[in-house]
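Residues in the sequence shown are numbered consecutively from 1, following my numbering.
The hints are simulated quantities; they were obtained by calculation from the structure and are not laboratory data. Among the hints, erroneous ones may be present.
Stated by the list, open to error - BS3-like, lysine-lysine: derived pairs with alpha carbons at most 25 Å apart: (1) 186 <-> 72; (2) 2 <-> 15; (3) 186 <-> 73; (4) 219 <-> 186; (5) 322 <-> 337; (6) 322 <-> 312; (7) 170 <-> 219; (8) 337 <-> 312; (9) 170 <-> 186; (10) 15 <-> 72; (11) 314 <-> 337; (12) 73 <-> 15.
To be verified - Pairwise CB distance ranges (calculated): (13) 337 <-> 62: 33 to 41 Å; (14) 145 <-> 71: 30 to 38 Å; (15) 21 <-> 285: 56 to 64 Å; (16) 287 <-> 65: 39 to 47 Å; (17) 21 <-> 291: 48 to 56 Å.
Here the structure is a predicted model, which is why all the values come from computation and not from measurement. C-beta: ideal position from N, C-alpha, C; glycine also.
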Amino acid sequence: MKALATVVRGSASEKAYDLEATQPIRIGRGSGCQICLSDPLSSRTHAIISYEDGRWMASDADSRNGTLVNEKKISQIRLSSGDRIRIGSTELLFELPVDQIDTDGVSQTLLAESQISHEASGVDAVSQLFIKQREQDMVDLYQLSICLIRCSSPDEVASVGLDMLRVRTKATAVGFLWIDDQHELKPQRILPPELADRLKLNRKLTDRVSQEGRAIWIKNDISTGGKEKVYADAICVPLINDTVVMGAIHLYREREQFDQSHFDFAISAGNMLAVALESSRAQASLSAEHSRLVQRSADFSELIGHCPAMMKLKDRIGRVAKASGCALVRGESGVGKELVSRAI
């Protein structure tokens, strides 16, 4: 397993370096480093590239200025082809040979790609389709927007969106991926469900979409261990909110290829789904907080006693707690106004 590191900014002893998987590659100003930099901001041993468990990894070697991969400071991270490693003012481009990028039996031909702007919205999506005279697509997007308005949870949004995309594009299978804490896209829902085990999400396709925010349409030859072709065409569209990739949608066809209208519609629907997902997540969070506050209202655990006066006070607290307005609690110092306020 080999890789290539090319100096794209700054200066080093060489312009390009062949990386061997048999030993770690040290990067820094020290004479013992395989990639020797002449950067004053670099430590003697600044970072290490190694091949571990079938993966290329980049690790910071406790440098004083830190190591950045794709402009994010890292301690250790898995490298993908096209990643940029920045050490001080020097930048390296990490690349894998074409025949090593995919090891899952996938042969790909890029048919189209499009940069997705975080400023895109449902209005932008409809206007683009209007310019291209796609009246039916506009009607379908309108119906999708009506359905999304009724959704109250991210799961419901994903289900409605995938149903529409599968019917509209005649896809064999559609998948929804959500980004996890490790900033990797993980499958959350696949339609139809019986294809969940058979569907093989392409690692390179997913990483390119999540890292670069690009919608991609490729011709795939994906095998499931044998020689048979499972999916002939694939589209992947990122779901972006405020420059952050929240997730992605995948569409696959078993035999026939998608056409340009399917690619355009998937991008437009993806823009709307991103807005709906963020809105439903905020709504779900507010609903959970509201339920928690409701359960805590009229809580008398801090009010001790069962005398007639205390029971009357608790009854009044219970009635006031159900009101939607504000309540003013008055009383002399030391009588327990804070306890009553918390109970309300």
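Structure-based check of all given hints:
1. 186 <-> 72: Given pair residue 186, residue 72 holds - Cα atoms ~21 Å apart, limit 25 Å.
2. 2 <-> 15: holds (17 Å)
3. 186 <-> 73: holds (23 Å)
4. 219 <-> 186: It holds: about 22 Å lies between the C-alpha atoms, which stays within 25 Å.
5. 322 <-> 337: The given pair, whose Cα atoms are some 18 Å apart, holds under the 25 Å limit.
6. 322 <-> 312: holds (16 Å)
7. 170 <-> 219: Distance ~16 Å between residue 170 and residue 219 Cα, so the pair holds.
8. 337 <-> 312: With a Cα-Cα distance of about 15 Å, the restraint between residue 337 and residue 312 holds, given a limit of 25 Å.
9. 170 <-> 186: Cα-Cα ~23 Å, so holds.
10. 15 <-> 72: Status holds; Cα separation ~24 Å.
11. 314 <-> 337: holds (13 Å)
12. 73 <-> 15: holds (24 Å)
13. 337 <-> 62: 33 to 41 Å: 55 Å Cβ-Cβ, so the 33 to 41 Å window is violated.
14. 145 <-> 71: 30 to 38 Å: holds (35 Å)
15. 21 <-> 285: 56 to 64 Å: violated (45 Å)
16. 287 <-> 65: 39 to 47 Å: The hinted range 39 to 47 Å holds for residue 287 and residue 65, with Cβ atoms some 45 Å apart.
17. 21 <-> 291: 48 to 56 Å: holds (53 Å)
The structure shown violates the earlier hints numbered 13 and 15.
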